[in-house]
Structure formats: structure tokens, C-alpha cells
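K.L.:
For reference, the chains in residue letters:
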Amino acid sequence: MTDSPVLRLEGAAFTYRGGAGVRGLDLSIRSGEAVALIGPNGAGKSTLLKGVLGLVPLTAGSIEVGGARATAAAAASAQTTDAATDPAREAHARDRMIGYLPQSIHVDPDFPINLEQVVMQGRYRRLGLLRWPGRKDRAVVRRALETVGLADLAERRFGELSGGQRQRGLLARALAGEPRLLLLDEPFNGLDQANRDALIDTLHTLKRQGVAVLVSTHDLELARLVCDSVVLVNGNQLASGPVDDVLTLGNVQECFEGVEVEVDEHTLVVPGHEGH
Amino acid sequence: MHRGAAGEWGPVSLFDALFGAFAIPFMARALLVMLVLAVVAGTVGVLVNLRGLEFISDGLTHAVFPGLAIGLAIGGTAGLLPGAAIAALAGAVILTWLDRAGVTSDAAIAILLTAAFSVGVIVVSRGDDYAGELETLLFGRVLTIPPEEVLPLVAVTVVAALAVVVTLKQQLFRAFDRSGSLAAGDSALVLDLVLNAAVALVVVAAASTIGTLLVLALLIVPGAAARLITRRMWWLFPAAAAFAAVAAWLGLAAGFAGSVAGGVDLPAGSMIVAVFIAGYAVVLTVRWFRDRVAAATGAVQ
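So the sequences go chain by chain: V and C. By our numbering, the letter at position 210 of the first sequence is numbered 210, and the numbering carries on one by one without gaps. Here our numbering runs 276 ahead of the position in the second sequence, where the first position is 1.
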């Protein structure tokens, strides 16, 4: 483990071409830390995660992934002479270091691919175009499947798995890239209790292994059980810090803009949201 | 076409049709080109099937036509391959661009492609042998491939195969999960261009052999048959390639037997496609019975 953050955003904004986006982001995540990203639907949580992945352009401030830094100014100019803010170097670090679990994927249930082959896709970035998976890659995939508790279903066709098993399978795919930073977009949506408990266990294991985790969620229990700190966003960053300091009734009401919310030890009730 | 062959060799045994026929140089050339083409078209066709690119493939067969026509007008039969290659690659770039620009309207693409086809017909109609040339372009000339064209045809096909093999893992990833592939850092533009260009090159080689109207069968049928034969991802490719190779061989043999023994002048390209379709029907029937048996066994248990 190192002291320097795996991910650091300073005054960052990620904006789609149409103008929608999220701004004013200041956060840093160190190895073994988990940060919850909380906000209403449309607040920009997914945009933030996609911005970190490089899928939404950085339009202000800076992003640093594994010590490689890119700034909006350097990204805007065609080339940079400053090695410390090299977008290409940052992109390379990003591709190799980040694992991503999307909110949902639309799969053709008849697509002829089994779970193990889906998880192997997480290795492709490291393999590049010409190399094919070897013994080490298969071992990593096997370990990722064991981590999410699906080793027995490795040969099962992906389309035959339940929604919760698919979600855990996709998490295994993210883990197969041996990421130092894991981005999870609403991983608990639609999960039953058993899959939920399995996911929480997995996240604890990953933190112990030194993986940094950034997770967008409505689930306050997850934030309390797994995360060290919370970032509240709604178009811009409203508050950040330790879970109990940030998740006050006032902060949450401001974040969810007048929507009636209740906050107690375990529950965040936001009408119209799939929260708990 | 194998005109005037009837009667030259007399009655033909099954062995002669399947093996002996290919000792004749023009049949050997046809078999060599068709086997290479079938194996590659089958492999590329699996990706066409998994990506749902049938419409773009159909589009490319139309886009190739004016290229073939202009190539023929300028350079005679030697101009066919370069003309088709230029048109097909231009078509691949335009169709990739239309797809990325969000032009998903079938009408817009159909207008563009029928326009390309009509340009081709106009160019051909300026020639002296309008009907003959049109027939060559539409239905191919697999039995009259000149020796000097075998190597270029095989080369075009092998380039298509290499393009797909090099990007195969990433193509399958994109076919299965577009956004996951993007998030992993793959370039959608590069992958789509490579695949569409590979399809275009297969179309080029196939258009010169079995003709532009029948090309689509070579690209679509083996992939669809492989989906029925196996549900294992990596088995799809050998299954499609083997299906296509055997069907191409049997198609050529059937055309030869029909022409020589039956005295019926069967167009070779059409016979190949007919055997592809018959093969698909057989696979479909076997699969149907297998599913019924599996369902009955499951019900008993």
C-alpha cells in the first residue's frame, strides 16, 4: 500500500458534448479505502464514474490516476510538453488500473458465451491484440470467480444466470483486470439479500487486498458497512467526508432538493428512488 | 459457367464428381478459391451474426457493384478486383460513419445503396456486351477464374481473415457488451472499421466468384448454421468454416455432375448457394429433433 492516492480529483468537471455533466469535484481515494457516491437520479454519479474511465471529457480541473495526472487545460490543447500532466500517460494508467462494474448491461440471453469467458474479457486490456490468454490469465479468472463465489458456475452460459449472478459475474470481470481502483455503479440495484451479502463480503475482501473502491449507491447500509467516506453530489459536489459527518438529515435533504427524506441508522428513504 | 461441357466426359461416377472433377485445372482453381473464401467467409460470418451486421453486409454487396462495373469498363476482367476492392472499402468507411453518426434509418441506407447499384447498371449498360457483362457481375464466374487471378483473390481473402483474427477477442467483447468494451479502452471506431473492411474484402472476393447477388449467402448462412450447431463460443468459428468449406465443395461437385452427367447446364455459383441453403435446412432439422428429444427427456425426468 502506498500513501499517495490511487484516484484524486481536484476541481474536476466532466461534461458531455450537450452540456450536461457534473462539476466541482474534489476527492481522493487511497489504497484500501472505499468511498460512497450518493445523490438523486440524474445527479451525475454515473457521469463521474464514466469521466474517471475517460468516457466523458474532463472539462475543468484535474484527474490523477495512480500518480499519472491529466488536466482539462492539457487535454484541450493538442499536445503538452509537461510530462507531469500528460493525458496519454494518464489514459494508459487508467486503462491498466481501473475495474468498472456498469449499472446494468443489456445482453442477448442467447449469446453463446459462458461466465468464465465473460470474466476473461477483464484480462483483454492486459493481453492486448495479439496475445491470447495463458495459464496465468486462467488462474486470475478462476480466483476472481472464487472471490465473488461463482466458481461452480464458470461453464454456465451467461444468459442462463440470474440477475444477481450476472452482476457478480461482471464484478469478477472487473476484478480479473487486477485493478487498483474499482468503480461500481449502483451495484446493489435489484439484488436479493443473499447476493447483497455476498457483494458486501467481496468488497471487504478487496479493501483488505488494498483495492480502492468508488461506489455510487442509494444504499445507506452499504455506505455504512463498507465505505470510509461519502461524497454527496447533485450536479456538483455538495459535501464530502466521513460517513456519519456527511450523511446528516440537512445535507441529504439539500442533496435530494426538497424530496422528502428520512435518515436513521440504516435507512435513507427517498420517494421515487430504489433506496433502502 | 460451364457451357458446352456436357457430353465431353460422358457419364460421371460419384467419386469423379467429388474428387476426379477437381483434377481438371479450371475446377481445381474454382475449388481452391472457394475453399479459402468459404473458410474465411464462415469465420467473418460468425461475427456478422453475433453483431447483427446482416444489413450492413447486404449494403456492402450493393456498394461493390458500381466498383465492379467501373473496374470492368476500365480494365476488363483484370479491373474487376481492384474496382471492387476500392468500392467495398469506401462502402465500409461510409457505412461505419453512417452507423456512428446515428443514421440508423433503413430508408436512408437503402436509398444510398440502390443509388450505388443503379450507377453500376448504368456503367455496365455503356459496354458492348451488356447482358453478358451484367450476368458475370451478378452471378459470378467461378469456373472461369483465370490462373493469374487466383493469387489476388486468395490474398484479398487472407487479408480479411487476418484483420478478423488479430482483433477477434476484442470483436467478441464488443459484440457481447458494447459499453463494457468501450470502458475497457477499446476503440469502437477501429473495431467497426476493421470488421466492416473484412466483410467488404470477403464481398469483393465472393463477388468475383459467385457474383454480387449470391455473396450474402456465403456470409450469412455458415454463421447462422454454426449458431444452431453449437452454443460454445470458440466452436462457432470452426463449425462455420467447416460447414462453408464442405458446402462449397459439394456445390461445385453437384454443378459438375449436373452439367456433365445430367447434361443440364447448372450455374456453379447458384449450385454452391443452393447447397449452402440445403445444408442449413439439414442443420435446422437436426437441431429441431435434438431439442424435441431433449425436451421429452427432460419432461420424463
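Errors might be hidden in some of the hints.
[Claimed, not checked] What follows is a list of derived Cβ distance ranges for each label pair:
(1) V:Ile105 - C:Thr506: 52 to 60 Å
(2) C:Ile300 - V:Gly128: 41 to 49 Å
(3) C:Pro358 - V:Glu10: 28 to 36 Å
(4) C:Gly378 - V:Asn189: 54 to 62 Å
(5) V:Ile105 - C:Ile300: 47 to 55 Å
(6) V:Glu146 - C:Trp510: 42 to 50 Å
(7) C:Thr390 - V:Tyr16: 48 to 56 Å
(8) V:Lys136 - C:Val435: 41 to 49 Å
[Stated by the list, open to error] Some, not all, of what chain C presents toward chain V, calculated at C-beta under 10 Å:
(9) Pro301
(10) Ser455
(11) Arg507
(12) Leu512
[Stated by the list, open to error] Incomplete in silico selection of chain C near chain V, CB under 7 Å:
(13) Glu409
(14) Ala459
(15) Ala460
(16) Ala500
(17) Met509
Simulated from the structure, these hints should not be mistaken for lab results. Every residue, glycine too, gets a C-beta built ideally from N, C-alpha and C.
K.L.:
Hint by hint, say whether it matches the structure.
P.N.:
To see whether the hints hold, each was checked on the structure:
For the hinted restraint 52 to 60 Å between Ile105 of chain V and Thr506 of chain C, the CB-CB distance of approximately 24 Å leaves it violated. Between Ile300 of chain C and Gly128 of chain V, the C-beta spacing of about 46 Å keeps the proposed range 41 to 49 Å intact. Checked against the hint of 28 to 36 Å, the pair Pro358 of chain C and Glu10 of chain V fails, with Cβ atoms roughly 55 Å apart. Remark: the range hint 54 to 62 Å for Gly378 of chain C to Asn189 of chain V is contradicted by a beta-carbon distance near 28 Å.
For the pair Ile105 of chain V and Ile300 of chain C, the supplied restraint of 47 to 55 Å holds, since their beta-carbon distance comes to about 54 Å. The given range of 42 to 50 Å is broken by Glu146 of chain V and Trp510 of chain C, whose C-beta atoms sit roughly 23 Å from each other. For Thr390 of chain C and Tyr16 of chain V, the hinted distance range of 48 to 56 Å is not satisfied, since their beta carbons lie about 36 Å from each other. Range check, Lys136 of chain V to Val435 of chain C: Cβ separation about 32 Å, and the 41 to 49 Å hint is violated.
At its closest, the beta carbon of Pro301 of chain C sits 38 Å from a beta carbon of chain V; the interface hint therefore is violated under the 10 Å criterion. The interface hint given for Ser455 of chain C holds, since its Cβ lies 6 Å from the closest Cβ of chain V, which is under the 10 Å cut-off. Because the smallest distance between the Cβ of Arg507 of chain C and any Cβ of chain V comes to about 5 Å, under 10 Å, the interface hint for this residue holds. Using the Cβ-Cβ criterion of 10 Å, the hint placing Leu512 of chain C at the interface with chain V is satisfied: the shortest such distance is roughly 6 Å.
Annotation: interface hint on Glu409 of chain C violated; nearest CB of chain V at approximately 42 Å, more than 7 Å. This hint holds: Ala459 of chain C has a C-beta 5 Å from the nearest C-beta of chain V, less than the 7 Å allowed. Against a cut-off of 7 Å between C-beta atoms, the interface hint on Ala460 of chain C holds, since the closest Cβ of chain V lies about 5 Å away. Hint on Ala500 of chain C is violated. Least Cβ distance to chain V is approximately 12 Å, over the 7 Å limit.
Given the 7 Å rule on beta carbons, the hint for Met509 of chain C holds: about 5 Å separates it from the nearest Cβ of chain V.
In summary, the numbered hints that this structure violates are 1, 3, 4, 6, 7, 8, 9, 13 and 16.
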